[in-house]
Amino acid sequence: MSMDAVFRALADESRRQLLDRLHDKNGQTLGELGEGLAMSRQAVTKHLGLLESANLVATKKRGREKLHFINPVPINDIAERWIGKFERGRLAALSDLKKKLEREEP
Amino acid sequence: MSQYIYVTYIRSTQQKVWDALTKPEFQKTYWFGMHQETDWKPGASWKLMFSDGRVADAGEVVEIDPPRRLVLKWRNEFRPELTAEGYSRCTMELEAEGDLVKLSVTHAIERENSKLIQAVSGGWPRILSSLQSYLETGRAHGDTRSTAEVKK
Numbered sequence: 001m002s003m004d005a006v007f008r009a010l011a012d013e014s015r016r017q018l019l020d021r022l023h024d025k026n027g028q029t030l031g032e033l034g035e036g037l038a039m040s041r042q043a044v045t046k047h048l049g050l051l052e053s054a055n056l057v058a059t060k061k062r063g064r065e066k067l068h069f070i071n072p073v074p075i076n077d078i079a080e081r082w083i084g085k086f087e088r089g090r091l092a093a094l095s096d097l098k099k100k101l102e103r104e105e106p
Numbered sequence: 001m002s003q004y005i006y007v008t009y010i011r012s013t014q015q016k017v018w019d020a021l022t023k024p025e026f027q028k029t030y031w032f033g034m035h036q037e038t039d040w041k042p043g044a045s046w047k048l049m050f051s052d053g054r055v056a057d058a059g060e061v062v063e064i065d066p067p068r069r070l071v072l073k074w075r076n077e078f079r080p081e082l083t084a085e086g087y088s089r090c091t092m093e094l095e096a097e098g099d100l101v102k103l104s105v106t107h108a109i110e111r112e113n114s115k116l117i118q119a120v121s122g123g124w125p126r127i128l129s130s131l132q133s134y135l136e137t138g139r140a141h142g143d144t145r146s147t148a149e150v151k152k
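Heads up: the protein sequence lines correspond to chains Z and G, in order. In terms of the numbering used here, the first sequence opens at residue 1 and continues consecutively. In terms of the numbering used here, the second sequence opens at residue 1 and continues consecutively.
If we strip away everything but chain Z, and leave its shape as in the complex, we get (with noise of 0.2 Å):
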């Protein structure tokens, strides 16, 4: 599994916002996840396909339905290939912070 189709894999709004609605609610079908994008049915499957091969969705058979899940395992291999052992508590921290600062009123 390329990192290369990872990449490309999410070099595209229309599939980050896919993986952002499973990661929002996991094990979706294609119908549930097209609903209310601006994505024609054709489109979503043709993204699904994409994010499939990147390794970035997973899917199961339900009955006569398939099932997609967010697979996060290459997100990680990226993150700990540049984050390692020490930076991954500060950069929670810097997070937790711009999180906390991003909420307070002005």
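By construction, these hints were calculated from the structure, which means they are not laboratory data. Among these hints, one or two may not hold up.
As the list claims (entries may be wrong) - Pair by pair, the computed Cβ-Cβ distance ranges are: (1) Z/Arg-62 with G/Glu-25: 18 to 28 Å; (2) Z/Gly-89 with G/Asp-99: 22 to 32 Å; (3) Z/Ile-75 with G/Ala-96: 40 to 50 Å; (4) G/Asn-113 with Z/Lys-100: 39 to 49 Å; (5) Z/Leu-10 with G/Asp-99: 39 to 49 Å; (6) Z/Leu-101 with G/Glu-93: 35 to 45 Å; (7) Z/Met-39 with G/Gly-142: 33 to 43 Å; (8) Z/Arg-62 with G/Asp-19: 38 to 48 Å; (9) G/Gly-138 with Z/Arg-90: 41 to 51 Å; (10) G/Pro-80 with Z/Asp-96: 17 to 27 Å; (11) Z/Leu-97 with G/Lys-41: 23 to 33 Å.
This structure is a prediction, so every number in the text was calculated from the model and none was measured. Backbone N, C-alpha and C define an ideal beta-carbon position, used for all residues, glycine too.
Given chain Z, put chain G in place with the hints provided.
Then chain G, alone, in the frame of chain Z:
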């Protein structure tokens, strides 16, 4: 139902991946320093142990078909709010694809918005990335070698 599926492709053999998943001496190197205690027979009790000897998770072996499929009944034992959710089901499947092994781990529980499934969804990707690195390069990732991070 709350459910996650984790998939990783490892340049190795099914038998080596199976051994790394089921043998304590291998587990300790990439699984946050933890190891499992079980006889690996259907119905046998199963425990995931912290390196200090405390039980992290426990349950039983539901199905075992080496080197292809393993199903565990799995309950958290160290965070009361997670223990209260009861038993989840963890299925590990290994398939050979060319010179790669596709390892799929499905972790599910019959309840919506499970905190257990959310908690393990942070751990599994790191365990599997580290397992892959260990089998392909001989080195696990540094931050999965000790138990410290899990207890936080």
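Do the hints match the structure? See the list:
1. Against the hinted window of 18 to 28 Å, the Cβ-Cβ separation of Z/Arg-62 and G/Glu-25 comes to about 38 Å, which falls outside the hint.
2. With their beta carbons about 37 Å apart, Z/Gly-89 and G/Asp-99 fall outside the hinted range of 22 to 32 Å.
3. The given range of 40 to 50 Å is broken by Z/Ile-75 and G/Ala-96, whose C-beta atoms sit roughly 25 Å from each other.
4. With their beta carbons about 24 Å apart, G/Asn-113 and Z/Lys-100 fall outside the hinted range of 39 to 49 Å.
5. At roughly 26 Å, the beta carbons of Z/Leu-10 and G/Asp-99 sit outside the given window of 39 to 49 Å.
6. Look at Z/Leu-101 against G/Glu-93: about 44 Å separates their beta carbons, and that is inside 35 to 45 Å.
7. Between Z/Met-39 and G/Gly-142, the C-beta spacing of about 41 Å keeps the proposed range 33 to 43 Å intact.
8. Range check, Z/Arg-62 to G/Asp-19: Cβ separation about 32 Å, and the 38 to 48 Å hint is violated.
9. At about 28 Å, the CB distance of G/Gly-138 to Z/Arg-90 disagrees with the hint of 41 to 51 Å.
10. The hint said 17 to 27 Å for the Cβ distance between G/Pro-80 and Z/Asp-96, and at roughly 25 Å that hint holds.
11. Z/Leu-97 and G/Lys-41 have their C-beta atoms about 50 Å apart, which leaves the hinted 23 to 33 Å range violated.
In summary, the numbered hints that this structure violates are 1, 2, 3, 4, 5, 8, 9 and 11.
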